[in-house]
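Protein chains in written order, with our numbering: chain X, 1 to 324; chain S, 325 to 579.
Calculated directly from the structure, the hints in this document are not laboratory data. Check each hint, because a few of them may be wrong.
One side only, chain X facing chain S, incomplete, derived with CB under 8 Å [to be verified]:
{"#": "1", "residue": "32"}
{"#": "2", "residue": "103"}
{"#": "3", "residue": "117"}
{"#": "4", "residue": "243"}
{"#": "5", "residue": "247"}
{"#": "6", "residue": "256"}
{"#": "7", "residue": "262"}
{"#": "8", "residue": "297"}
{"#": "9", "residue": "314"}
Here are the computed lysine to aspartate or glutamate pairs in the EDC-like style, where the Cα-Cα straight-line distance is at most 16 Å [said to hold, decoys possible]:
{"#": "10", "chain 1": "X", "residue 1": "138", "chain 2": "S", "residue 2": "561"}
{"#": "11", "chain 1": "X", "residue 1": "138", "chain 2": "S", "residue 2": "340"}
{"#": "12", "chain 1": "X", "residue 1": "138", "chain 2": "S", "residue 2": "387"}
{"#": "13", "chain 1": "S", "residue 1": "548", "chain 2": "X", "residue 2": "217"}
{"#": "14", "chain 1": "X", "residue 1": "138", "chain 2": "S", "residue 2": "494"}
{"#": "15", "chain 1": "S", "residue 1": "568", "chain 2": "X", "residue 2": "297"}
{"#": "16", "chain 1": "S", "residue 1": "578", "chain 2": "X", "residue 2": "316"}
{"#": "17", "chain 1": "S", "residue 1": "578", "chain 2": "X", "residue 2": "282"}
Just so it is clear, CB atoms sit at the ideal spot from N, CA and C, and this is done for glycine as well.
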Amino acid sequence: MNQDIHVVVEHLRGQVADITYVALAAARGLAAGSGGSLAAVLLGHNDEGLAGDLGADRVLYIDDPALADFNPEHYAGALTELISADPPRCVLFGDTSMGAETAGILSARLDLPLVSRCRSVDTANGALSFVSQICGGKILVEGALPEPVSLVTMVPGHYQPEEGRGAVAPEVIQTSISPRVAGRVTFNAYLEPAVGDIDISSVSVLVAVGRGIANEDNVEMAEELAEALGGAVCGSRPVVDQGWLPTTRMVGKSGKRVKPDVYLALGISGAPEHVEGMSGSELTIAVNTDVGAPIFDVAQYGSDVDLLDLLPVLIEQVQAAKEG
Amino acid sequence: MNIVVPVKLVPDLVEDLEIDESGITLDTSWLRLILNEVDEHALEQALLLKEAHGGTASVISLDGEGVDDVLFSSAAKGVDHLIKLTGLEFGDDLNNHAVARLYGAIVERLEPELVLIGVQAHNDLDGSLGPLLAEYVGMPYVGYVSGITVTDGKCRVLKEYPGGLIAEMDVVLPAVLGVQAAEAPPRYVAISRIRQAMKTVSLDEQAAADPDSGGGPTIDSMFKPETGERATMIAGDEEEVAAKIVDLLGELGKV
Ligand SMILES: Cc1cc2nc3c(=O)[nH]c(=O)nc-3n(C[C@H](O)[C@H](O)[C@H](O)COP(=O)(O)OP(=O)(O)OC[C@H]3O[C@@H](n4cnc5c(N)ncnc54)[C@H](O)[C@@H]3O)c2cc1C
Numbered sequence: 001m002n003q004d005i006h007v008v009v010e011h012l013r014g015q016v017a018d019i020t021y022v023a024l025a026a027a028r029g030l031a032a033g034s035g036g037s038l039a040a041v042l043l044g045h046n047d048e049g050l051a052g053d054l055g056a057d058r059v060l061y062i063d064d065p066a067l068a069d070f071n072p073e074h075y076a077g078a079l080t081e082l083i084s085a086d087p088p089r090c091v092l093f094g095d096t097s098m099g100a101e102t103a104g105i106l107s108a109r110l111d112l113p114l115v116s117r118c119r120s121v122d123t124a125n126g127a128l129s130f131v132s133q134i135c136g137g138k139i140l141v142e143g144a145l146p147e148p149v150s151l152v153t154m155v156p157g158h159y160q161p162e163e164g165r166g167a168v169a170p171e172v173i174q175t176s177i178s179p180r181v182a183g184r185v186t187f188n189a190y191l192e193p194a195v196g197d198i199d200i201s202s203v204s205v206l207v208a209v210g211r212g213i214a215n216e217d218n219v220e221m222a223e224e225l226a227e228a229l230g231g232a233v234c235g236s237r238p239v240v241d242q243g244w245l246p247t248t249r250m251v252g253k254s255g256k257r258v259k260p261d262v263y264l265a266l267g268i269s270g271a272p273e274h275v276e277g278m279s280g281s282e283l284t285i286a287v288n289t290d291v292g293a294p295i296f297d298v299a300q301y302g303s304d305v306d307l308l309d310l311l312p313v314l315i316e317q318v319q320a321a322k323e324g
Numbered sequence: 325m326n327i328v329v330p331v332k333l334v335p336d337l338v339e340d341l342e343i344d345e346s347g348i349t350l351d352t353s354w355l356r357l358i359l360n361e362v363d364e365h366a367l368e369q370a371l372l373l374k375e376a377h378g379g380t381a382s383v384i385s386l387d388g389e390g391v392d393d394v395l396f397s398s399a400a401k402g403v404d405h406l407i408k409l410t411g412l413e414f415g416d417d418l419n420n421h422a423v424a425r426l427y428g429a430i431v432e433r434l435e436p437e438l439v440l441i442g443v444q445a446h447n448d449l450d451g452s453l454g455p456l457l458a459e460y461v462g463m464p465y466v467g468y469v470s471g472i473t474v475t476d477g478k479c480r481v482l483k484e485y486p487g488g489l490i491a492e493m494d495v496v497l498p499a500v501l502g503v504q505a506a507e508a509p510p511r512y513v514a515i516s517r518i519r520q521a522m523k524t525v526s527l528d529e530q531a532a533a534d535p536d537s538g539g540g541p542t543i544d545s546m547f548k549p550e551t552g553e554r555a556t557m558i559a560g561d562e563e564e565v566a567a568k569i570v571d572l573l574g575e576l577g578k579v
């Protein structure tokens, strides 16, 4: 048992995810409070090069062919050995496709408490605490990070990734751990996102539609507006899951991150998973009949008119303004 | 192919959420619970696989307001076996570790080939149910899944990463998969068919064991976030709102 803080590095095809730097920024404060050191835990194969800008005191590197691509069984297997051999005070993950399941498996397997959806962590008088964000960001929960060992998954929003980058390359310590491979889960291949469609992350005016658009036919109105503005249509996850827009047009945690000059959010509630993908927009205008919708916390301008009433009028006025 | 879908009911976020006097839990007196959205996808995926391969689909739920409706509507959609754990309700102080242990005990008795579960729920504070459950019953887990094909005791899954990238993985059965999206949008079912199910299908009520919440944090306080600056609301009807939006776009040279 020691007071160190570990951050499990998330990387995909040669690139470290931003959430890892967010977790490193959070972990830096925790390590100062616990009196331990901060270690980034890098699992991979021939991936040592990814260690360079991790803002940690040292990097514990586990190299094995079975870790070449993410595999929940292999990640959990390797981390089980690492944590059991010398349990740190906390292990941080991203609350993501990789981190959430790895942390969950480890919590049940090693009987270690898990705190998910942490937005920030804090230390006061050596006591480590968390603030988690639940219910679509409508509720915050505060508590102590259980002793002696806690697993934590982080959501973005509170720390800037830049804070988690280091100016000097940390020392890399190669561990002798290799994951015990049970062979129940095998990684085969990556399937690339469809190409040929426009790239919404490079469009300057986005007309974004959410479930409030109500049906596929109404999406055409949004297309018409986007065309009049020289922009493109994108949407929230439910609209894509309904098949009303292709996956390439999805904005958010599982979709694209966009930073347009104008983001017109129509019938989108503003769930954290959506906001994650669009909070960098220059100007956000939201239209939502629910004045309490969280999207109005992100938008600079808003209206609670019915979007289906607004769209035809707006199309007309935009076209008139262009001609005039 | 026998498939089990353990579900979770969560507060409807359309409603205002209030924190009760204790300051550490939601006020449940007005709380409306709905089926976790991704559980609907897990259920739909189970029905699609059942239609393709035969077998049975079972749903497991704790008790609580609205649970019977959820169970009967899943029966109307094609689920064969409705299991309700009685004596404990959603909204009681049960964390996911406790629910995963309770559901795990049932899963072990049912011995399914596949457990499909929503990849997360918006009120998860101690991780999501899927990986915990998988580990408790000794099955492999893969989450963020949006496609499942089953052949010869093995399934091939599509796991989502950000930006639309997908990893194809093979998973040996039995397994627990955390579903992000079904291959088709969740089907609708007419109220009349739900009423029909209420008359013809019976709930398999099983008394829940004593819950064990070990593995989650203790909550010291619960509060609403301080809202920063809210959007400036544009007054007027759609004509006026449209005019203001055109002005804003004009200032940025977009019209
Ligand atoms: C692991 C995971 C990853 C996810 N990734 C993403 C992601 O990448 N992107 C994403 O968007 N979501 C993602 N989600 C889903 C996310 O949690 C929300 O469910 C989703 O963003 C909600 O979409 P919405 O705002 O369109 O729908 P809702 O939340 O249903 O909101 C619809 C809104 O429309 C308003 N409305 C209805 N009718 C009208 C009308 N006529 N006029 C004006 N307003 C109207 C309503 O008031 C409501 O606020 C993810 C979820 C999970 C579990």
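We went through each hint and held it up to the structure:
1. Given the 8 Å rule on beta carbons, the hint for residue 32 of chain X is violated: about 21 Å separates it from the nearest Cβ of chain S.
2. Checking residue 103 of chain X against chain S by beta carbon gives a least distance of about 6 Å; that is within 8 Å, so the hint holds.
3. Hint status for residue 117 of chain X relative to chain S: holds, with the closest Cβ pair at about 7 Å, below 8 Å.
4. Proximity of residue 243 of chain X to chain S holds as hinted, the smallest CB-CB distance being about 7 Å (cut-off 8 Å).
5. The beta carbon of residue 247 of chain X is positioned within 8 Å of a beta carbon in chain S (closest approach about 5 Å), and the interface hint is therefore held.
6. Annotation: interface hint on residue 256 of chain X holds; nearest CB of chain S at approximately 6 Å, less than 8 Å.
7. A distance limit of 8 Å between C-beta atoms decides the matter here; for residue 262 of chain X the minimum to chain S is near 6 Å, and the interface restraint holds.
8. Taking 8 Å as the C-beta contact cut-off toward chain S, the hint placing residue 297 of chain X at the interface holds, the least distance being around 6 Å.
9. With a least beta-carbon distance of about 4 Å to chain S, the hint placing residue 314 of chain X at the interface is held under the 8 Å criterion.
10. With a C-alpha separation of about 29 Å, the suggested pairing of residue 138 of chain X with residue 561 of chain S is violated against the 16 Å cut-off.
11. As the CA atoms of residue 138 of chain X and residue 340 of chain S are separated by approximately 9 Å, the hinted pair is consistent with the 16 Å bound.
12. The hinted pair formed by residue 138 of chain X and residue 387 of chain S fails the criterion: a straight-line CA distance of about 25 Å is larger than 16 Å.
13. A threshold of 16 Å between alpha carbons decides the hint, and for residue 548 of chain S with residue 217 of chain X the separation of about 37 Å lies outside it, so the pair is violated.
14. Annotation: proposed proximity of residue 138 of chain X to residue 494 of chain S is violated, straight-line Cα distance about 37 Å (limit 16 Å).
15. A threshold of 16 Å between alpha carbons decides the hint, and for residue 568 of chain S with residue 297 of chain X the separation of about 19 Å lies outside it, so the pair is violated.
16. Between the alpha carbons of residue 578 of chain S and residue 316 of chain X the distance comes to roughly 15 Å, so the proposed pair stays at or under 16 Å and holds.
17. Straight-line distance between C-alpha atoms of residue 578 of chain S and residue 282 of chain X comes to about 13 Å, which keeps the hinted pair within the 16 Å bound.
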